[in-house]
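A.B. asks: One letter stands for each residue in the lines below.
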Amino acid sequence: MRRANRLRLLGWGWWVPLMAMVVLLFMVVACGEEEKEEGTATPGAGASPTAEAQAPPEQQEIVVQSGQPEFFDPHRSNFEQDIAIERMLWRGLYQLVLTEAGGVEAVPAMAAGEPTVAGNVYTVKLKAGLKWSDGQPLTAKDFVYGIQRECDPKVAGPYQYLLGESILNIVGCDAYFNALGTADKPLTPTDAELQTLRDAVGVKAIDDTTLQITLGAPKVTFTIIMSLWAAFPSRQDVIEQYGDKWTDPGNIVTNGPFILTGLTPGAGGNVVLTPNPNWALEPKPALRKLTIRFIDDLEAAFRAFQTGELDITSIPAPEIPTIKADATLSKQFLQVGASRIWSVEMQMKDEVLSKYEVRLALSRAIDREMLVKVVYNDAYLPANYWIVQGLTGHQGSEPFESIIGYDPAAAKKALSDAGYPDGQGFPTLKLTVLDRPDRKAEGEFLQKSWKETLGINVEIEAVDAKTRSSTFNTKNFDLYMGGWQIDYPDPENVLIGLFDTGGGNNQYECSDPDVDAKLKAAGTETDNAKRIKLLQDAETLIVTKLCGMAPVWQGAFLYLADSKMGGLKPNGQIDAAMPGNWCPECWYVKAQ
Amino acid sequence: MTAYAIRRILWLIPVLWAVATITFFLMHAVPGGPFTQEKKLPESIIIALNRRYNLDEPLWKQYLLYLWNLLHGDLGLSFRGDYDVTMLIRNGFFVTAQLGILAFIVAAVFGIGLGVLSALNQNGPLDYLGVFVATVGAALPNFILATFLIIIFAVNLGWFDILGWGGPERVGDALDPSVWHIKKLVLPVVSLSFLPTAYIARVTRASMLEVLRQDYIRTAHAKGLADQVVIIRHAIKNGMIPVLTLMGPIAAALVTGSFIVENIYSIPGVGRAFVEAVLYRDYGMIMGTTLFYAAIVAVANLVVDLLYAVVDPRVRYG
Chain A
3 MRRANRLRLL GWGWWVPLMA MVVLLFMVVA CGEEEKEEGT ATPGAGASPT
53 AEAQAPPEQQ EIVVQSGQPE FFDPHRSNFE QDIAIERMLW RGLYQLVLTE
103 AGGVEAVPAM AAGEPTVAGN VYTVKLKAGL KWSDGQPLTA KDFVYGIQRE
153 CDPKVAGPYQ YLLGESILNI VGCDAYFNAL GTADKPLTPT DAELQTLRDA
203 VGVKAIDDTT LQITLGAPKV TFTIIMSLWA AFPSRQDVIE QYGDKWTDPG
253 NIVTNGPFIL TGLTPGAGGN VVLTPNPNWA LEPKPALRKL TIRFIDDLEA
303 AFRAFQTGEL DITSIPAPEI PTIKADATLS KQFLQVGASR IWSVEMQMKD
353 EVLSKYEVRL ALSRAIDREM LVKVVYNDAY LPANYWIVQG LTGHQGSEPF
403 ESIIGYDPAA AKKALSDAGY PDGQGFPTLK LTVLDRPDRK AEGEFLQKSW
453 KETLGINVEI EAVDAKTRSS TFNTKNFDLY MGGWQIDYPD PENVLIGLFD
503 TGGGNNQYEC SDPDVDAKLK AAGTETDNAK RIKLLQDAET LIVTKLCGMA
553 PVWQGAFLYL ADSKMGGLKP NGQIDAAMPG NWCPECWYVK AQ
Chain B
32 MTAYAIRRIL WLIPVLWAVA TITFFLMHAV PGGPFTQEKK LPESIIIALN
82 RRYNLDEPLW KQYLLYLWNL LHGDLGLSFR GDYDVTMLIR NGFFVTAQLG
132 ILAFIVAAVF GIGLGVLSAL NQNGPLDYLG VFVATVGAAL PNFILATFLI
182 IIFAVNLGWF DILGWGGPER VGDALDPSVW HIKKLVLPVV SLSFLPTAYI
232 ARVTRASMLE VLRQDYIRTA HAKGLADQVV IIRHAIKNGM IPVLTLMGPI
282 AAALVTGSFI VENIYSIPGV GRAFVEAVLY RDYGMIMGTT LFYAAIVAVA
332 NLVVDLLYAV VDPRVRYG
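Residue numbers (this note's numbering), protein chains in the order written: chain A, 3 to 594; chain B, 32 to 349.
Isolated chain A (complex conformation) (with noise of 0.2 angstroms):
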């Protein structure tokens, strides 16, 4: 007899026809032909050829990883992966590029030579025979109107302060960007007011190839600002045509390495670049179509590339081990210096932290090459020093180590003599750290060696990036774990801005006259070896006095490379977003 609750919708003659059904649409998709080129290497496929012959241009095509970008107007950019995805775009009167003993220099680019300087005047010559994408001359006006429009306050760049005062000091740059006031006392200028200010910024095209800037004091980082993308040349007809549609693919004109043809915006989405035949300069790109997919989640990229779907992408730090146990992977793997000093800035308008036996109990009290293996594997470098490993000037650890570098100890010390021995009375404080694994992880680091090595406790904040910046800028901090990544390669973007009494980026209040002192001279200093020194004694005077940070660690750049890809040359000190993204046109995929 049948059980009443169990009954038969289907034979068993239906169901093995139906389960093997459902089994063999399985396999055909899993297993079905899909297009490959040939010769497109998967990772873990073959060796690298001894010979670094190209492969066909067929097969010159690839995908890389990058952050979501804003903005691909160069005047309007704030982040690394805009910048980096611009930097293949447009080319500025100078380029920054790796010498023969592996540091960098600035070197003509569209320019034809050095500029000549005569006092404040800068005066360059560009290339002849220059040209736009479009196929339309290249000529001075271009770079005038470039940089005006970084200095135009309605465009709001972000980075207008490199041709400011406080950095290349164009004339009249400033006065222009600021005529739309300030928060407490705006202002509303007529356009002719604001022509009168564009016109008086001082760059001007003498004719079509002779470009003169004038500054208000000689600058030793003259080419190197003018080959930042603030300096980029830009045309005038098609802004003016297109408005904020002058980026759209169809719309945009460059004069750099490629062309931008394809976009998908918003997050997820791609960008597709394509070679310039305009392109001025050697080497012509090799690569036939470049295709840059916004993917802001290192895991779902390192996954994607251990399929084959990425060629080049960043990875987290926590893969490290993973990756470096794999024999193929370990081989795709960079570890790149980056210009990236990280520090636990501390609030020096605190009643507490503005002790100076205090922050240096806080700074002896961690360990910094402990931290930097338990939290990020050892991808980064213990750092007791500001001015980062390859730039100029760069002094190392050793002189700061005795100072403010680990040791219990003299932790204990500093405290008992600031007042709290053994941290008896001293109040808690609070950590504020981005809110993402790693940094909580590092801020959980951090509260247990203060608590263990001083008896403190430290409260960890754990907040979105958005509210992250806002305690920052609003100065509502205790503890904040943050730091400085350099704009461009040379030791004062390291400093000016950040130290100096009232500098746009010092939040935590580092006041000391000494420094002001230092930096104002550094500024101003044409000889280049008197400028790095002063610097430098700006960097001891601020290490060795915590003045609103203590040091911890120098980043690096993580990525996995496909075997296939030649021409990669990465350096942390230019790249910006990719390995080598300094030289995209050098990049090619090697004959498999």
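Heads up, none of these hints are tricks.
16 angstroms max Cα-Cα, derived EDC-like pairs, lysine to aspartate or glutamate:
| no. | chain 1 | residue 1 | chain 2 | residue 2 |
| --- | --- | --- | --- | --- |
| 1 | A | Lys357 | A | Asp419 |
| 2 | A | Lys127 | A | Asp210 |
| 3 | A | Lys156 | B | Glu74 |
| 4 | A | Lys156 | B | Asp113 |
| 5 | B | Lys71 | A | Glu511 |
| 6 | A | Lys477 | B | Glu69 |
| 7 | A | Lys477 | A | Glu463 |
| 8 | A | Lys247 | B | Asp113 |
| 9 | A | Lys187 | B | Glu74 |
| 10 | A | Lys547 | A | Glu511 |
| 11 | A | Lys187 | B | Asp87 |
| 12 | A | Lys547 | A | Asp514 |
| 13 | A | Lys351 | A | Asp480 |
| 14 | A | Lys156 | B | Asp87 |
| 15 | A | Lys477 | A | Asp352 |
| 16 | A | Lys414 | A | Glu454 |
| 17 | A | Lys442 | A | Glu461 |
| 18 | A | Lys547 | A | Asp518 |
| 19 | B | Lys70 | A | Glu511 |
| 20 | A | Lys143 | A | Glu242 |
| 21 | A | Lys432 | A | Glu353 |
| 22 | A | Lys415 | A | Glu359 |
| 23 | B | Lys268 | B | Glu241 |
| 24 | B | Lys70 | A | Glu82 |
| 25 | A | Lys535 | A | Asp516 |
| 26 | A | Lys592 | A | Glu60 |
| 27 | A | Lys432 | A | Asp352 |
| 28 | A | Lys247 | B | Asp115 |
| 29 | A | Lys143 | A | Asp239 |
Please keep in mind that the hints were generated in silico from the structure rather than gathered at the bench.
Dock chain B against the given chain A, drawing on the hints supplied.
C.D. replies: Just chain B now, with coordinates in the frame of chain A:
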């Protein structure tokens, strides 16, 4: 029923207005703004950007301006790239909807199928399998499931691809066969559909068991009807009513996207855009995606309510 449907549609207007108002003032109350960043922007930039996006006006004026533009179908610009919010939502939704519809179909077919089979084979092997799948599906977070699927089937076995969406990203490409890559569709669809499959299976099983115990089912058997006829014509139809209640919110949730799945597979969908809008304080996108979701959920619930009347003739709306 037509009058009921029209009334429900008209109710959308005050509902969306309330959602817009609450969202607008809440998002301005959260710390940090669209231009807040660690490297503080100079005041002149903040002034210029506020003027560009009308953020220098008093809040009440910004609110009224937003409502006025909304009435004209203008959702404004995204601060991240000055892209039109309507365009971003449209393109993102086009992808998300494909993923959601496929996941919904898989969840409905396998969920209902598994639930029915479990109920029909109560305490048998198929029932145990169904309960196991349902329990695992409900307990396992989809980001863990997705990670396992990727590692096993994509990285180790190389059967599937995992980067991007395997279908058209623009409406105009829908009929272009070259944009379809089935190997990219499988894992995101499975990852997204697993949890709703589990829920649907559990509810279907419980509902079917309840129905199968009813007198009319016994009567149908007594009248000599074949098992298949009893199950399909009588049991399933009545057993689906509670399941329908579930399907509306599930459909709305799937079609509006999953940030986690879209993030893991780098799919350019609207679910991910919504979460990122909040993280970046992209006011235009926050408002646009929130209103969009509210409308989708309201419409989905209306469709479910109307389907009740179709499935159950006893249900009538005045």
